[in-house]
Amino acid sequence: MRFIKLETEIEEFPDGLSIEFNENINILHIETKSRFERIKNIISEFSLKLFSSEAGNSGGVLNFTLFASYSGKTYILDSNGRTTPAPEPEGENLIDSGSGEIKKTPLDLYLEKICRENFYLFSSLEAGEIEDNSFQILPEVYRNILVNIDMLKESDSLPDEEEASLEKTKALSALTKQKELIEIKKMRKDKLQKEISAINRVLGRLTKKLKTLNDFRSTLNNISEKITVKNQLASKINNSKKNVLESRDLRNRLNDLGKELKAEFPQFKNYGENLPSLENVESIFNDLKDINEKIDRHKLRTEQIRGRSWKAIGAINIFSITAIIFLAIKGANFPIPVIAAAALLFSGAAHFFSSLKLKRNDMESLLEEKKTYQLKLSAALESEHFKFDNYQTEELYEFLLQYFDDFIRYSELQGEIKNLESNISSLPPLKETEKKLDSRSQEMVRIEKEIIRKMQSLDPEIIKVEQEEEIENALFEINELIAAIEDEIKQEDSIRKKIENEIIDYDRKDNSGISYDHQLAEITKQIKNLEDDKKALSFIRELTPHASLVWATEKLALMAEKTWETVEHLSEKTGFDLPPEYKDRIIHLVTKGGSTRQLKGVPDNCIKIALIHALEKISEASWLMPPLIIVLTSDEGDNNSFIKNVLELFTERQVIIIASAPIHGISGNLISI
Amino acid sequence: MKSIKLLLTSDLHLGIDKPGSINIRNERIETFRKIMAMGLQHDILLIAGDLIDRNLTEDDFFDIAAPEFENLKNNKVEIFYTPGPEELSGNPGIIDYISALENCHYFSDESPAAYMKSAKGPLFIYGVQAESRHAFTSITRNSSNGFHIGLFYSDFNPRIQGIFNDNCIDKNIIKQMNLDFYALGRSHAFKMFKSLNRIIGACPGSPEPCSIEESGDRFVISMEVENNTIRNIKRIPVNTSLIASASIDCTAIKDEMELLETIKSKKTDSGFLNIVLNGTLSFHITGKISDELKGFCRGMQIINRTAPSLDMQISSFSGENSVKGEIYRTIAAKINNMDMPGELNTHALARVLQHRFSSSGTDREVLFCDL
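Protein sequences appear in the order of chains E and P. Each residue of the first sequence is one higher than the last, beginning at 1 in the working numbering. Each residue of the second sequence is one higher than the last, beginning at 1 in the working numbering.
Keep in mind that the hints were calculated from the coordinates and are not lab data. A hint or two may mislead.
What the hints assert, rightly or not - Some but not every residue of chain P turned toward chain E, in silico, with C-beta under 8 Å: (1) K34; (2) V323; (3) T330; (4) I331; (5) E343; (6) N345; (7) L349; (8) L353; (9) Q354.
To be verified - Calculated pairs, EDC-like style, for lysine to aspartate or glutamate (alpha carbon to alpha carbon, straight line, at most 20 Å): (10) K617(E) x E320(P); (11) K528(E) x E343(P); (12) K535(E) x E320(P); (13) K334(P) x D532(E); (14) K376(E) x E282(E); (15) K608(E) x D311(P); (16) K294(E) x E369(E); (17) K234(P) x E502(E).
Don't be surprised by glycine CBs; every beta carbon is placed ideally from N, CA and C.
Chain P with its partners taken away, still in its complex shape (with noise of 0.2 Å):
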């Protein structure tokens, strides 16, 4: 068997406008055509769903989309695609003028096969769309010699079975699929899984990230399939545009304008930053810092997951009357008394009962986001 080149994407959303998401239209239309010319150095192009946002407009999809779409066709490149949500149009069915391409090979109600087999070889794609009246265990190998490919809109958890949610193949699903791969859209992170020194299945992720939290480089899969196993198969970077990611320890910092100047120093040339501040806080954040960095990147986001310090906690919370205020109490009392335990890191004591008394249980609050 002659080795067929696959190359797997997912999730770009070409065209995203949506509140919370990073605006990189430009980076993401480059970032597109990327993939499309990398489409070319392979003989198959996989997308699991939600390449196109349905804030396409239909004329950005004929200006962009449908000439690279035409190019792989003109090239002898064979497109399979399973829409995502993104690509329905609520219908229900894939949007119009997605469906209108003439070389993609799509995986949809309107006309379902369970599998199709590519004319590059003995390759079978099974697929579902999103959101679809057929259930993954509608779908089982058929018996003939290849090697056989899901291709899902979905998220994947060979560990685990039972999941009373139909976006997730568990387990059992797998078992019953009995597929060779499991090309996989849906999450927006980078995911390989392997069972048995084997890799069963992988998930691209965003190859341009959707929103702050989506930091680092983005990625393409690309894979080689040789006698019905796969010879090779790698991620490949192609984000256009880059979050920056960093954690502040505040522990040690004194006050508002030394944590500003530390938040000030991570700015990265990539544009986007989203910081993580850790530890524990001895100072009130004011709205100085939303203030001082406002335009300061072209997107920023400030993750605060610190806990007061206990000296703070122990000044807010002493005065209640209740279990914890007794608490709280109690320890004031113990500081003041010099009878705390020699071994308690007072760190750890603040950020243990934060997390106690906190009232919704996350420790996560989003300080500043400048989109």
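Only chain E is shown next, with the shape it has when bound in the complex (with noise of 0.2 Å):
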């Protein structure tokens, strides 16, 4: 630690007074009493502010500003005992982020640790400050110095084990409500599972009822077809039954006919399959009977004819008399003679009229025709050898007639034979159909025992279904059922999404991903190492007290050593009387404790000195000493040759000696006030 600069604004010096100190020697002149004793204040105001625990409770009195140097960086320690980073680093933050509180510095840290309360043993102050020319050497207090600095050579940023407990502390409270939340939020997740396995096993049950009825309906849908199927099947039978008989109606039918044939038709017997033809004979035949009608309407209307035209000449002639009698009668000069004259004129005209017609429709020409196809119809019975040689034409007409009508009776029944052998053709063989009949029977008897033993499986507990008839109305009850369990799980998968969109959610909010089972394995791991390192960090403060103790205690033996070196040293150099014994006594002093008044003749200054000396050498971390302030209150002197053998033995530390009167032969950074 160094001294750069001091800051004061006070009555002595009005424009301020600043004083820049550099690393090695420096020696303040103040000739002026007055002001002597203010920067002598000064300095051991700031110096209180050094030594005390609770800086800053004589602060107000004197205000000053002390820049000094550690650890590579400046400070500033102010009249209130506070010390800041100056100038403060830019970027750097003092806030703590955790508590808002403003951090210590390093320096803080070090007077903490080492100067607060034993300033005055790393620094000598004026020989009248101690009462009776003589102090109290206390081994505990330089045993725990010389741990702190090793400690501080360690590092600036002293770790302390009671503060990095209750860090461990407060990490532990924070992750054992840390915890507790997330069991909170476990419990509901796993309340919330719950609530799905609960609706799952209401699920599971709905599922398997749901099975059961469509098992019910399944079996339902099989009788149900299998009825159709046996209708279907009874169908069947009838028909063929009815083939059965109907193929046996139309056999007896056809050999009745077979009889009726025979026994009313022998002439055909004959004939077989080889019939004449007797088509051309009938259409000769048939013209034949044209042309007789013909001339028998020709002489009807011939008749008809010569009556109508007789009455008209009848009635002309008749009007005629009439005419020529009235007029006649009446005497009338009409000319008798024309009426006669018209009349036969008339009457010549019609008869004219009436032969005209009768000759149009000419008789003679039919009779021709009629003996023509009489020729055609012998020429075509004879080619179809029938044998008409002493029949009449009157005996053949009839002969023919009544040939034709029973061949047109025995074309009929042949006709209805050859239906019927058709039909029975068109008719499974009557073996097959009895065959079919018979193995369809057999199948219905095989569905009939078949729905019954189905009936007899349906569980009556689900639907009671005792006859056949019922199946259609079990369906629809089934369907029923079927659809209200539906629902049901419908209803119940519906509340399981719910509930698992709610998990999702609250999965969600906790936002990490990782499951609550995860999180809770994470966080008693760190409680189990939080709870580790608090065992550890007390194990480590039981046993740093023990440790610290052996090391210092050695390190304090050998500083006991180094004092009597310094002290012999000096002796030797300013001429004081050293008796041997002394350096048992000061051994002794320094590693047990006890008053420097056992060491008469022996300087106090020289004894502080001396252990100033021996702790910075022992300690070996000069860098950490403070300066070495040196306060020369008289001008005696013996000052002169005791500064220059402290300077000697104080080469690698600053020191500051604030004189009242000049000190000759000692070159430093001298600064006259």
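Work from the hints to combine the two standalone chains into their complex.
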């Protein structure tokens, strides 16, 4: 530690005072008594600030700012004993992000560890300060300082086990709370999952029930299908029975017709398949019949025309006679011969007209045609081997008419037989049909048995079905039951989805994407680590004092040796007598403690300087030592040689000498105020 | 009031080229385009600083960034821009070519405005550029009815007050500004701030990692303001690259080879890997790990937060002539005498001793870095 600059504004220095120190020897020469006193007070004051464990209690009287360097950085120590980095490094955050409190600087930590109460152990003040020119040496204080300096050598930010333990406790508390929170969340989630499990159980039960109902419905559908098959089969059996009966009827009819043909139309029996072709004969016969009919009609017409013409001529003549008579009676001069002539003319015309009409239906041509057809018929009959040699024409007609009637009847029967045979041939063979009928009947029996078996397998607790007729109703009922269960399943499933979404939302809010179990495991692990750390810290805290004591006791013994060596050295230099037994006394005093009063003849300043020097040498950390401050209150002659001897010892340390009289023969940063 | 959709982004550092930053130039450009495309689905784009890095060349700016801003302009998307330090030229003022963008409303010391009103509705946006002459304390909510948003390049801590730090909005400043919402840049990590069950601020963090430490998904924030209330606020991952992070407990690892294999097994498709070694280490790590892992991933960092095992510490320090040495000697003696407390975990003891005597006090060392 080094002092860099002291700034103060006090009465004695109305323009302000700024003292800049170098790294080695600084001599403040203050001749004015009041100024000397004031500076001495300031030095005492800031020393007190450094010494005091409760900085600032005595502050406010003197305002000063001390710039000091420590661990490569410059700090400002103000009148209130607070240190701040100077100048404040850009961007350095002095606020602790956790607590919001102002962080301690490394200099604060340093002062806390070694200086606050024991600064005088590092610096030498004026001789008159200590009562009775003696002071107490406290080995535990030195041991403590040795340990603290050793620790500061390790790091300028000394870890505090207690603070570390406190931090661990805080972290543990935070983690425990976090754990409790996660446990609550987990419980909530578990509850939701339990609800889901309960719903899943309900869903399982419902699904099982639905399966049973579906099976029931399936059986009902199966029975229904079988009933349909049974009905179809019954219909087929009926058809088969009908076919058998029909087939038998047709065969009987066929037999009857065969018999009837044989009995009634024996004349055709020889024709068999080679019946004469009577179509030509029949055609000619029909034409001949037509011609005869025409002749008959011609005869009738001729008579009709002749009758009408004679009636017309008679009417004309009657009219003419009547007219002549009338005219004759009336005596009219209308010429009667004219009327007679007109009547004659009309009669003649009527006769001519009827003759003309008769001529158009010439009888002779008809007779001629009839003759021709008679010849054709004879030829046709002959060609078909009919012998009608002895038959008259009329007999022939009668014969032919009878023949044709029989033949028509015979043909009709033959046609019917053919139809029957065709029908019979279109029907499956009777034996086959009978066989089919038999197998269908057997199938029918099997299906009926199956239906009975299936109906018996239906659970009456679901729906009671006793008759086949009840199947349709049962199907309706089971469909309703299934629909109800499906609705229930849907409802439960929707609740489950809702809860699942709630869980997803819950997890999303958590935002970590890590399961609660995993988080809990992680936190539990962290808690375990912290607890282990706390135990370890506690172990180190218990172990450190002992280890420190062992180490510091050893070091203190070395320090005692070194103190003796320095005292001996100074005695040689300054010439005071040093009894030989003082070595043990000094070593005992340093290691066991006691008052310097026991060292009569040895100046206190000499003991103090020796202790300060030994502390610096044994701790091997001159850079950690505060400046050596020497206040010379008198201008006694031996000051110069004392100072010279002291400065020879402290070559690696900043020294500040405050003197009211000039010091000769010492080079350094001379500051005259 | 019709709802207004806002998209908040910051700290993309488009064009970043600094030692320690990972080389994902193309991914960063892709993410920038992704964000701008998302901007088209919103009414307003809020930029809370450092979207563009000063290392982005002017040519790249006009090739990559300017067309995207032009597209937003053509689609009537309003842009409010609080420049971060990377967007400042040092004159002071915004880098010329950035400030030349026509459709952006900048908060700048060159044309200071306490707030700007959105054309989309009763929405007031407040801001000050980074490193501004004007402190946050110069901002107070105006009396207009509407939703008042602060757009700042700043840290935010509503729990503490009296911070002597210009880069943090604390409890006092929040009280004084009295805004409805604080849209924030600067922090590269996503953060959401709540007070009395109300979201009062958010920081999207960097949409693409700028350092190997920025692992996991990176976000922009989309929100909807209706009737002077935030109706819907969500973070949307936009990162193109991804830094995977892994932690390895070395306590059970026997030697360096096993550690090397364990590290290798953590490799992912993302190409970037940030590994933290924890626990206690019972062997010395040599240069072998660095040699083997060089070029193994596109980018990799290994942080060693392990403590040497108790045996190793005893062997290293028990010869020292110091209190520390004495402590280790005492522990060694206790171990030899089987006088250690039964409930004491030696790994914890090693950890605590390491922390107790670590010279830096941080217990953190970059073991390997290949970027």
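Results of checking the hints against the structure:
no.	hint	in the structure
1	K34	violated (23 Å)
2	V323	holds (5 Å)
3	T330	holds (4 Å)
4	I331	holds (7 Å)
5	E343	holds (6 Å)
6	N345	holds (4 Å)
7	L349	holds (4 Å)
8	L353	holds (7 Å)
9	Q354	violated (11 Å)
10	K617(E) x E320(P)	holds (18 Å)
11	K528(E) x E343(P)	holds (12 Å)
12	K535(E) x E320(P)	violated (25 Å)
13	K334(P) x D532(E)	holds (18 Å)
14	K376(E) x E282(E)	holds (11 Å)
15	K608(E) x D311(P)	violated (43 Å)
16	K294(E) x E369(E)	holds (11 Å)
17	K234(P) x E502(E)	holds (19 Å)
Of the numbered hints listed earlier, those contradicted by the structure are 1, 9, 12, 15.
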